[in-house]
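Two chains, two frames, some hints: make the complex.
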Amino acid sequence: MAATSATTFSIRSTIAFGPKAGQLPPSKPSGVRFNSKNSLVSFSGLKAVTSVICESNTSFLNKESCSALRSTFARKAQSSEQRPQYALQPQASFKVAVLGAAGGIGQPLALLIKMSPLVSALHLYDVMNVKGVAADLSHCNTPSQVLDFTGPEELASALKGVNIVVIPAGVPRKPGMTRDDLFNINANIVKTLVEAVADNCPDAFIHIISNPVNSTVPIAAEVLKQKGVYDPKKLFGVTTLDVVRANTFVAQKKNLKLIDVDVPVVGGHAGITILPLLSKTMPSVSFTDEEVGDLTVRIQNAGTEVVEAKAGAGSATLSMAYAAARFVESSLRALDGDGDVYECVFVESNLTELPFFASRVKLGRNGVESLISSDLQGLTEYEQKALEALKPELKASIEKGVAFAQKQAVAA
Amino acid sequence: MQQPTSGANQRIARIAAHLHPPTLQIEGESSGLGRMDCRAKGGSPGFKVAVLGAAGGIGQPLAMLMKINPLVSVLHLYDVVNTPGVTADISHMDTNAVVRGFLGQQQLEDALTGMDIVIIPAGVPRKPGMTRDDLFNINAGIVKTLCEGIAKCCPKAIVNLISNPVNSTVPIAAEVFKKVGTYDPKRLLGVTMLDVVRANTFVAEVLGLDPREVDVPVVGGHAGVTILPLLSQVKPSCSLTPTEIDYLTDRIQNGGTEVVEAKTGAGSATLSMAYAAAKFADACLRGLRGDAGVIECAYVASTVTELPFFASKVRLGRAGIEEIYSLGPLNEYERAGLEKAKKELAGSIQKGVSFVRK
Chain S
1 MAATSATTFS
11 IRSTIAFGPK
21 AGQLPPSKPS
31 GVRFNSKNSL
41 VSFSGLKAVT
51 SVICESNTSF
61 LNKESCSALR
71 STFARKAQSS
81 EQRPQYALQP
91 QASFKVAVLG
101 AAGGIGQPLA
111 LLIKMSPLVS
121 ALHLYDVMNV
131 KGVAADLSHC
141 NTPSQVLDFT
151 GPEELASALK
161 GVNIVVIPAG
171 VPRKPGMTRD
181 DLFNINANIV
191 KTLVEAVADN
201 CPDAFIHIIS
211 NPVNSTVPIA
221 AEVLKQKGVY
231 DPKKLFGVTT
241 LDVVRANTFV
251 AQKKNLKLID
261 VDVPVVGGHA
271 GITILPLLSK
281 TMPSVSFTDE
291 EVGDLTVRIQ
301 NAGTEVVEAK
311 AGAGSATLSM
321 AYAAARFVES
331 SLRALDGDGD
341 VYECVFVESN
351 LTELPFFASR
361 VKLGRNGVES
371 LISSDLQGLT
381 EYEQKALEAL
391 KPELKASIEK
401 GVAFAQKQAV
411 AA
Chain U
1 MQQPTSGANQ
11 RIARIAAHLH
21 PPTLQIEGES
31 SGLGRMDCRA
41 KGGSPGFKVA
51 VLGAAGGIGQ
61 PLAMLMKINP
71 LVSVLHLYDV
81 VNTPGVTADI
91 SHMDTNAVVR
101 GFLGQQQLED
111 ALTGMDIVII
121 PAGVPRKPGM
131 TRDDLFNINA
141 GIVKTLCEGI
151 AKCCPKAIVN
161 LISNPVNSTV
171 PIAAEVFKKV
181 GTYDPKRLLG
191 VTMLDVVRAN
201 TFVAEVLGLD
211 PREVDVPVVG
221 GHAGVTILPL
231 LSQVKPSCSL
241 TPTEIDYLTD
251 RIQNGGTEVV
261 EAKTGAGSAT
271 LSMAYAAAKF
281 ADACLRGLRG
291 DAGVIECAYV
301 ASTVTELPFF
311 ASKVRLGRAG
321 IEEIYSLGPL
331 NEYERAGLEK
341 AKKELAGSIQ
351 KGVSFVRK
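First to last, the protein sequences are chains S and U.
So the first sequence is residues 1 to 412, counted in full-length UniProt numbering.
So the second sequence is residues 1 to 358, counted in full-length UniProt numbering.
Quick caveat, the hints were computed from the structure, so don't treat them as lab data.
Hints are not guaranteed to be accurate.
[Stated by the list, open to error] Okay, derived cross-link-like pairs now, SDA-like style, lysine to any residue, Cα gap no bigger than 20 Å in a straight line: (1) K131/S x E261/U; (2) K131/S x G129/U; (3) K131/S x G267/U.
[Said to hold, decoys possible] If you want the ones that stay clear, here's a sample from chain S, every Cβ over 10 Å from chain U, calculated: (4) N163; (5) T352; (6) T380.
For every residue, glycine included, the Cβ atom is placed at its ideal position computed from N, Cα and C.
Okay, chain U solo, but in the shape it has when bound (with noise of 0.2 Å):
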């Protein structure tokens, strides 16, 4: 029988002197904390998540993996259409996820109050011969009206951005947060998960690994060029050939459209990206707990190269983003493929940046 390690019996405590406030005879100081920085608030455990955009293609597996995940007490779905059915068919799962649906922007705020955690897979996706860029004048419009729902409503979330272009739609809600003055670096990321997942199975295809075990750092954007994987330093560590380096590079940055041409008009990647986004979610929420190294790539804030937006591999924590890591040594091919990724990302941010500013 396992028995319960200090960690466990620490939080245990911890709950029980937040039910049990304890007298503390320490002299002078009062040593609580305020009922505010208390991680259960109301004694109960779990996050407050909401999905904007659950209705859509990714809306909803993402809404239905959510609705599974034990560290998610509330799931809020918004969308503009179709809400209540979805909702009605999620709530039916057995698990302990609290669902509400909302529909229609008279209802964006309600959707927002209180939440931890806002996920935003709204927006149309790509259709074949389709750049992420072309989406930008509908998804543009999208990213920044709920943006504004959040500034307004629970400014101190940790914003999960799946939106395309990402490289583009970050930079507009940053300047959205900016203008309302609820801005705060740590807590706004585009979600590049799925670039990992993508190399992760790729180069264990390659090397015929298992590919929960591989692990490749992918830095840069969430589009072509800017997708920039680290092959160098791949874990476990193997030496790949060049010829593998340039299959691999080149079907990790157009993964997507991979997916966008075999669905041939029918939409892009909607299981794989709430697959990674629903892992995504969950290391924002293991982070939000108190976990201890909880690291995985983003596209945030950042001043890892000169660029002010730049994913790379970020450490999560209560207040978000705890930690950036710089991006380690790069070999010359790497090299090369950072200053392709950066001129493409430059404009693609400043893009972002005027929509807002116009």
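Excised from the complex, chain S in its bound form (with noise of 0.2 Å):
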């Protein structure tokens, strides 16, 4: 579904007055935890959480509005009083490293992750144009040190020490492509920059953005087995946009506050592959057969959307972006110890008879806890027809990664 008209475009979502908010990190946290089946609650700097921190003067939300905008969540945050309190305190303590932090997603990516109270070093590595990004970066005042590394002789250190590595590298659609045109010149660039993983920093958490994703993350798990580092629990294709365009969109239909949607998306990160399980949307809504088409069908086009929109400027970086940290942010948290993180992404799985399938996941401090089976039960006619028709298309994309890096394996 491409955009009606190329010069005005209105999309209404509904309006409501909530700490969803990117702000600036606190210089003290409050500690106030909400019991949410919904993973954004709050995004505060990069926290796409349930508490609202906001005790400096520099948050974008200050100490009064934020004490206003608790008592809103009173009713939610009851729950939670019987949990033990997670204590938010957060120490900048984490380092991330953004392979591909010169580039159209790589910049905000950037401006995003130094915007997080969680993280103490941040680690920019490209071929070329770093050095700028760094020392634009390097200037905002929040306590995450940058570092810049050019070029592949600088990459071993990119990575020394790291605990999250986000990888956005790659190029990007133009209008007409599919993802799995990028194939050749990706794959390439994501076996490279694996490979450097697996040699400096094997424990850390791997990010995959870089399309097509449902192949690049099987390739990556190759990689990683070749050099027999591979963990399965802490290799992610970051499938976060596809629900995050599911939020909006349903929120926008159905004329819900965004602040409490919540829909999974479950499969892979392209096309068909993509599916919105749009019966265990939170809060529980119905939709006609006519919406579920129209909104499955939204959601599954969403990226060629804003590549057609963009007329060949690009694809989406921004919201890519923003999805990205939202999936560090959560990964981070579950790192310091959250015990209630929970994302869709795309992971080696079980759940069907695929080797890698996205589903919503537990996230712990050793990587994916467990899948959440459940929501792969009680689906619609529609759903269940949906999952039939994109396990081939999906299989297909899984074998072509894989034949890709073997392949390059037995000529190494």
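Structure follows, in structure tokens:
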């Protein structure tokens, strides 16, 4: 569903006075936790999470507005009182590397990560232009230290001691291209980068953004296996943007408060492999068959929508950076010991007969703690059919990635 | 569980009263606020923000950050190229602001109608070897056109001007508004927040502190020696050696050039500028919302010195600038810096004023 007008777009979304915002990192946390199945109740700094932390004058939400907001969440907070309080002390203590930091996604992503209070060091790597990006970001008054690394000779140093590696590197689509058309270039890029990850920070969480994710994640897995360091719990294909888009479109269609909306999206990250489970939307809402059809198609083609709108100037960068940053923030919270982190993500999986599958997972200190299999139970007929329809394409993409990596290994 | 504070109760009562107007029994006078005086017009919280130059190097990340801000209910993105793509991209983010895109000068008026805050990053950036003044000719014309639109469509909007050279473009904006008769000095601010952000970062680095805890007032203007960090007034208070003061003052004044050089022709500060501009716009929004004690440095029409415009700490509120703070006690080093700053600033201001009056 392409954009209707080339000049004026009007996307109505409901207006709610909520704490979801990209606030600046506060200096002291207040540690109020809310029970939520919605992994994005509050987006503070990068905190795609349930607490509203704002004590510093430099945060977008200051003290007074925070206490007012907290009271509106008092109801939700009640059930959290019975649980052990996760003391949210955002200690800047984690190192994050962005490989491809000078690119269209990499730059705004690096900015959002720089704004996170949980990050102590931000390593920016690219083949060119990254010194400028690093100099730029280093001026922001947030605690993380920015270091730049240019070119393959410096890749190893970029990765030493890193807790999370985010890989947006690669070329974007142009109008008319599918994600698969990017395969040849991006497959090589991902292979090279993951080899370096295996050599220098094998225990890190690896977030793959480079398309086609359905293939590049299996490529990464093969590379890690060849190096003997593969941990399936720590390799992620970032599909958060599909969730973000699903939330936005559903809230728009059904006139809901965006802050409450959470739609699980399973399958893969291309066209019909993207399966939004509209029947499992939180809050519970009913859709007509027509709405289900329209929304599913729109969510599946949203990426193409942006590629067309940009008319050759690129693909989604800002929304991708936002979504990727949300997933980085979730990973940081999981690493920090938060016991309530759930995200949809493309991982090695036994939920279906396919070796990789995106679903909601629980994240913990060691990566994936569990796959939420209940999401795949009780599907509507439409969803069941769509699930069967996506499997062959996803399978083919996975096998293409595996074949590529194994061929490279034999050649090497 | 957090009990609602009385402030929150008051806000809730105010909003509820707006939805269900009370029939008050006070003798004689009508005590209701006229609808235009109510902040929550139409019951929807949040403000309307326009970014002019939204497809540019600063505009894009700035638009992303404003889309995330919960105080924004409507976000208008305007530019002369590429806005449809940026708008489609940002509109997918699952935050509340409604995003609309506007392309080309014929759509400028639609972009501006009804706006509460207009942020202007539009213009060309520096290349290595250029001063901000070298951008004057192109950017002066751009700012003039955009301000004519503002004067026509949203004269009461708070204007955050980023386009360099700020020292001149703010006087240009003022002259344009004066010509049309809509000039409100309380609503025109040149964004110098990036100098403050840089000062906080560099001072924190030297002192080994968390940069979020450091507050350095930066006054004067927004170019080279007109940028005057008042290091004697740093919070938390600390003593710096003369070497440190020299190093820091120099680094803060040339922070922009530092990035232009590092980018070797690919542009000037975009991400940190977007960060600072978003932070400043947020302060303006909190002021509009009626928060007390919102104080930031900005380049404004001022009587703090004999110059017509000068950056210093200002308190922001519902009418824009509510109070301008004087510079406070300066030491000898800073007084000398102040004289140098004023000399150059006077010339830049005059250049801007002449451009419009010509």
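Results of checking the hints against the structure:
1. K131/S x E261/U: holds (10 Å)
2. K131/S x G129/U: At roughly 18 Å apart (the allowed maximum being 20 Å), G129/U and K131/S satisfy the hint.
3. K131/S x G267/U: holds (12 Å)
4. N163: N163/S clear of chain U: closest Cβ-Cβ about 20 Å, beyond 10 Å.
5. T352: holds (27 Å)
6. T380: T380/S clear of chain U: closest Cβ-Cβ about 23 Å, beyond 10 Å.
Violation of the numbered hints given earlier is absent; every hint is satisfied by the structure.
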